[in-house]
Amino acid sequence: MKPAAALHPAEASHPIALRGQRLRVAYDGRLVFHEVDIAIPRGHLVALIGPNGSGKSSLLRVLAGVQKPASGVVDALSRVALIVPADAPPGDLTPTDLAGYACSVKRKWWQWSLPPHERRLIERALGRCRLEDRANEPVWRLSAGEVQRAWMAAALACSAETLLIDEPTTHLDLRFQMEILRTLRELAGCGLTIVMSLHDLTLAARFADSIALLAGGQLSCGAPQHILTEDSLARAFDVSVTTFPHPAQGYTICVPS
Amino acid sequence: MIGPRPAFQPADAHPSSAAPLDERAPAKHPIASRSGKATIVATLIPVVVLFALCVGSSHLQVGAVIHSLVHPGERGIAQTIVWQLRMPRIVLALLVGGGLGVAGAALQSLFRNALVDPYITGVSGGAALAAAAGFSLGAPFVLIPAAAFGGGLACAAIVALVAGNEAANGNLRIVLVGVALSALCSAVVTLVLLHGGPNGGLSLLAWLAGGINGRSWADVGWCAAYLGAGVAALLTQVHALNALRLGTVAAAGFGLRVEPARWKILASTATVTAACVAVSGVVGFVGLMVPHAARKLVGGDARWLLTASALCGAVLVVIADTAARTVMAPAEVPLGVLLAFVGIPFFLWLTRRPVAV
Numbered sequence: 001m002k003p004a005a006a007l008h009p010a011e012a013s014h015p016i017a018l019r020g021q022r023l024r025v026a027y028d029g030r031l032v033f034h035e036v037d038i039a040i041p042r043g044h045l046v047a048l049i050g051p052n053g054s055g056k057s058s059l060l061r062v063l064a065g066v067q068k069p070a071s072g073v074v075d076a077l078s079r080v081a082l083i084v085p086a087d088a089p090p091g092d093l094t095p096t097d098l099a100g101y102a103c104s105v106k107r108k109w110w111q112w113s114l115p116p117h118e119r120r121l122i123e124r125a126l127g128r129c130r131l132e133d134r135a136n137e138p139v140w141r142l143s144a145g146e147v148q149r150a151w152m153a154a155a156l157a158c159s160a161e162t163l164l165i166d167e168p169t170t171h172l173d174l175r176f177q178m179e180i181l182r183t184l185r186e187l188a189g190c191g192l193t194i195v196m197s198l199h200d201l202t203l204a205a206r207f208a209d210s211i212a213l214l215a216g217g218q219l220s221c222g223a224p225q226h227i228l229t230e231d232s233l234a235r236a237f238d239v240s241v242t243t244f245p246h247p248a249q250g251y252t253i254c255v256p257s
Numbered sequence: 001m002i003g004p005r006p007a008f009q010p011a012d013a014h015p016s017s018a019a020p021l022d023e024r025a026p027a028k029h030p031i032a033s034r035s036g037k038a039t040i041v042a043t044l045i046p047v048v049v050l051f052a053l054c055v056g057s058s059h060l061q062v063g064a065v066i067h068s069l070v071h072p073g074e075r076g077i078a079q080t081i082v083w084q085l086r087m088p089r090i091v092l093a094l095l096v097g098g099g100l101g102v103a104g105a106a107l108q109s110l111f112r113n114a115l116v117d118p119y120i121t122g123v124s125g126g127a128a129l130a131a132a133a134g135f136s137l138g139a140p141f142v143l144i145p146a147a148a149f150g151g152g153l154a155c156a157a158i159v160a161l162v163a164g165n166e167a168a169n170g171n172l173r174i175v176l177v178g179v180a181l182s183a184l185c186s187a188v189v190t191l192v193l194l195h196g197g198p199n200g201g202l203s204l205l206a207w208l209a210g211g212i213n214g215r216s217w218a219d220v221g222w223c224a225a226y227l228g229a230g231v232a233a234l235l236t237q238v239h240a241l242n243a244l245r246l247g248t249v250a251a252a253g254f255g256l257r258v259e260p261a262r263w264k265i266l267a268s269t270a271t272v273t274a275a276c277v278a279v280s281g282v283v284g285f286v287g288l289m290v291p292h293a294a295r296k297l298v299g300g301d302a303r304w305l306l307t308a309s310a311l312c313g314a315v316l317v318v319i320a321d322t323a324a325r326t327v328m329a330p331a332e333v334p335l336g337v338l339l340a341f342v343g344i345p346f347f348l349w350l351t352r353r354p355v356a357v
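Chains A and B are the protein sequences, given in the same order.
Just so you know, the working numbering puts 174 at position 174 of the first sequence, and the rest follows in order with no gaps.
Just so you know, the working numbering puts 136 at position 136 of the second sequence, and the rest follows in order with no gaps.
One thing to keep in mind: the hints can contain errors.
[Unchecked claim] Derived pair list, reagent style PhoX-like, types lysine-lysine, alpha-carbon separation capped at 20 Å: (1) B:K264 / A:K106; (2) B:K37 / B:K296; (3) A:K108 / B:K264.
Calculated from the structure, these hints are not laboratory results.
Using the sequences and the hints given, assemble the complete structure.
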C-alpha cells in the first residue's frame, strides 16, 4: 500500500480544499488510524472506502472539525459541512425548514425570521438538488433518496464548498443510489468538493475522481484504477476480489471472487 | 476513469425553480397560522386571569373586579382581594406555568426526547433538594432560587454527561438517570423533612407538594427576575435548539459549537426551573404536557414552540391553581397533587404512542 499523498498525482498542483496532516484517532486506547495525510483538491469527488471499523466515519468527522483527532492538524481551506444522512430529521420538517435550521447556526439569535438572502440561498440549493417541487413537503412524505438530497441542499444553503458525506447511499435501493451519486457528480462538476464514504466499490470507481482506501490504520489515495487493485482490496478487506474494466466505459468493476 | 459528467444545469435556469417557495405546495405550518394560534392562546390569558380574579372563597362580580383593576388606588374589600390576595398569586401562576412550559420544551428539543421535562430529568428534584436544604438551614428566602439553581444544574449536568453523545439507548438512559436522580433527591428531602421538626417539616412538606398560596408581590418580583434571566438566556439559543433537533453530529456538521450550546441551554433551563421550584415547590407534569400541546399547535420549531409553551403553560397553571383553591374550598388542594391527577394519565397515554420532537 503506498503512503498517502495528494489524492491525484496528476493534479497535485490543484488548489486544495481540505487538508489533514498526520492525523491520528484512537478510542479507549485502540488505535483506529495514525499518520494519515490527505489533501482533497477543489472540485474533486472522492470516495472514501474501507472495511467496517476502519475509521471512515471518524476520518470524516475529524476533517469536518466535529471530532478532535488525538494528534494531527486539519486545514479547512474552504467552508466545510458534514452530512450524516443515516440520521433521520424530525418528520414534520420540510426540506426548506431543514436548510433554514442549518443556515440558522450562523445567524444572530435575534434574527428569528429567515433573511431574504438566506431564502434565496435555500431556494437555489433546493433547485440544485432537484427538490424545488418538494420544498414544502414534510420529511415523512419524502422518499429516502429525497431525504438524502434534502440534507445536501441544507449543506449547500449554508454556502458549504466542501461536503463530507457519510454513506450517502445507505438504505437506498439501486435507483436512488444512482440518483444520489449522479447529483453528487453534478455538484462536483460545478466546483463543489465532495468526500463520501461508500461501501460499493464499483459505484465508487464509476463516480469518483479519486479513491481513498482506509484500512489497517493507513490511508492510500489515488485514481480509482491505481487503488482498486486485486492485491490492495484483498489486503484491505481480507477477501479475494476480482477487478476488470467496464467494457464500454472503462471504470473498474470489483466483484468478490 | 470516471463516468460521463452531465452538464450542470444552473438552478436559476430551471423552469420550476422560478417561482418563489411560498407559491408552491402549501406549508404544513405556515407562519400566519402559527402566529394566529399563538395569538388565540395569548388572548386566553386575560380571560382566565379575569375568571381567576372573580372566583374564590368570596366571589366577586366581573364588574367589581374590572373596577378594582382600573382603580388600584381605591380602598375597599374588592381592591384588597384583587390586588393583595389574588393578583400576586395569579401572576406567579402565570410565571410558573410559562417557565415550566418553556423549560420542558427546551429540554425535549435538546435531548430529542418527548418524555423528558424538568421533573423527569431530575432538574426539579435537584432544585427541590437544594431549596429544602436552604429552607431548613434558615437561608433568606431571596437566596432560595440561587440554591435551587445549583441543585437543578447539578442534576442537569449529571444527566447531560450520561447522555453526552447520541449513543444507542442514549434517550432511554436520560430518563433512567433522571428518574434515579429524582428518587435520590426525594429520599434526601424526606431525610431533611424528618429532621425539620414538627413545624418546619410541615411547612416544608406543604411547599414541596407544590402550590403558590400565601405569596406576596415581593415573591413575584424576585421570581420574575430569575425567570426573566433564564428565559432571556434561553431565547438566545433558539437557533441552536433548532439545529440540535437535527442531531448533535448534524448540528456540529453545519457549524454549531455543540457543547457550549448544550451547557447554555441546560444552565438556562436550570435557572428557569429553579425560580419555579423555589416559589411553587415541585409542580410536575406541566413541563411534560404543555410542550406537547404547544407542538400540536405550532410545530416543533423552537422559536414558536418556546413561545407557545410559555403561553399554554401560563394558561394551564392559572386554571389549575384556581381549581386548587376552589374545588375543596375553604381547604386547598396542593397544585402539584392536582396536576398529577391530570398529568399521570397523560404520561401513560404518551408512552403508548410515538411522538416526534
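- Please name the hints from earlier in the document that this structure breaks, with their numbers sorted from lowest to highest. Of the numbered hints, all hold.
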